[in-house]
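Next come the chains, spelled out residue by residue.
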Amino acid sequence: MKQSSLFDIISPIMVGPSSSHTAGAVRLGLLSRNIYGLTPKKITFKLYNSYALTGRGHGTDKGLLAGVLGIPVDDTRIKNIFDLHEANEVNYQFEFLEDFNRHPNAVDFIFEGTQKMTVSGDSVGAGNVRITNINNFPVDLTGEYNSLVLIYKDRLGILSKVSGIIQTEGVNIAAMNCERIAKGEDASMCMSLDCALNYSIIEKIKRIDDIYLVRHVGKLES
Amino acid sequence: MKKNISTFNELLSTCGQQNKRTYELFQEKEAFLLDIEIEKVRLKVKKSLDAMKEAIHIGLSSNEKSISKQCGDDCEKLQKRYKSHEPLFGKLFKKITAYALATIEENLRMGKIVACPTAGSCAIVPSVLVAISEELNISEDEQINALITAGAIGSIVQNKVALAGAIAGCQAECGVAAAMSAGALVQILGGSEKQMVHAVALALKNILGLTCDPVAGLVEIPCVKRNVFLAIHSVTAAELALADIESKIPTDEVVDALCQTGQLMSPMLKESSQAGLAKTKTALKIEQRVLNNI
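First to last, the protein sequences are chains A and B.
Under the numbering used here, the residue at position 108 of the first sequence is numbered 108, and the numbers go up by one with no gaps.
When you read off a place in the second sequence, starting at 1, and then add 222, the result is the number in the numbering used here.
Just so you know, these hints were derived from the structure itself, not from any lab.
Ideal Cβ placement from N, Cα and C applies to all residues, glycine included.
Among the hints, erroneous ones may be present.
To be verified - Partial pick of chain A residues on the chain B-facing surface, computed with a CB cut under 7 Å:
| id | residue |
| --- | --- |
| 1 | 10 |
| 2 | 16 |
| 3 | 90 |
Chain A on its own, in the form it takes in the complex:
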């Protein structure tokens, strides 16, 4: 059983009103921002189900935008985020949708700019979140750990190369999950790490053949 932390219970310090609809939204935004890793020109937020229905009343829209702008869950600027200078520098829009195949609190972030990327996630309760897809690849990222996200061509030896590089730096891998479309086709990998990777290791991993995308996503601080 995963050991629960005291701070799951007596935190986070956050702006209200809802752990799942406000803090969760900010956290999903923060993770997506790190996964995209670039400055977007345009962001489309697609809110589903309960997020669509009660999102505005809970400030879910504000929270999502705050997150992608890098504003943390306890920042009181979230309340008036639409008036904020940072918000006016990016073109954004919200769509409110129903899709019962999706989680009740699901969202897609569609980033456009030098690269286009779609990041999807769910707010799974009590402020905990899960990034479920990057460009339609299934991933599993919660922000509890520093994580390494890779999208690559499935072939012999990729995993051992990546884990080898990480091991030489003395970083322990706490958990790992891989998915692939089919043998020899595109695959994704999420590694949860016990500490952060430095820039040079990430550059080394980027140089491995057949790896298309490498993102180091820092753990959520609150």
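Starting from the known structure of chain A, fit chain B onto it as the hints suggest.
Below, chain B alone, put in the same frame as chain A:
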């Protein structure tokens, strides 16, 4: 010893074996888990405590409405009444009720609060903890001990049931918050570990079946007032437990009952706003108004 304490029974036996209080065991465990010093753990707890006090402070002097415009001025009303009428239960009651409204109203107007355990139940632990600490001149160290105790209680319950209205109804949010507050209060008032654990059971037993049926799906109706009621509820549990009144059903079994009740509760009554208060005639009118206005 860093083993996981997953039941109240284990908590009592470990406290007994090691001659330690709940907060001591849990601050040690947390230090190990986060790989930091105990003092750092306490500092993090202090950050939550300070944020709770700040929310109360700001909330007491605001009457700003929520985004939906449905709620936000009850704390002002209550304080106005108290200016001319001393409440029947005295000064402590006055403070707890006002602090609870101050906190939960800060939450709904997108102010800064501490989810404890959730945002919708954020006012119960702070209102009781801060009001009592002010009235009885409790040291900050003791307040931190009490807040760690509250966190320990929530984390043990969480081993069995997710603290989310969508999973187990409001029992698992405001109900668990009341149990945390009751236990914290026993800790502050010098009660034993056993009394603390019984306070948890007494608080939980008397909210079993509490549904989560918020009007228009928002953390407003009935959440705002419920926080005030359950803050007072937690004081009752602590007072009874301090008198050595025991829950005839052991605390772990009460948690099991809560868990089972949550499973049996219709999904329509678990944060989906499909039944109960949320579908009353007036709630439907409010919902229409809210959806049209925001």
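Structure-based check of each hint:
1. About 4 Å separates the beta-carbon of residue 10 of chain A from the nearest beta-carbon of chain B, less than 7 Å, and the hint is met.
2. The interface hint given for residue 16 of chain A holds, since its Cβ lies 3 Å from the closest Cβ of chain B, which is under the 7 Å cut-off.
3. A hinted interface residue such as residue 90 of chain A counts as satisfied when its beta carbon comes closer than 7 Å to some beta carbon of chain B; here the least separation is about 21 Å, so the hint is violated.
Violated hints amount to a single one, hint 3; each of the other numbered hints is respected by the structure.
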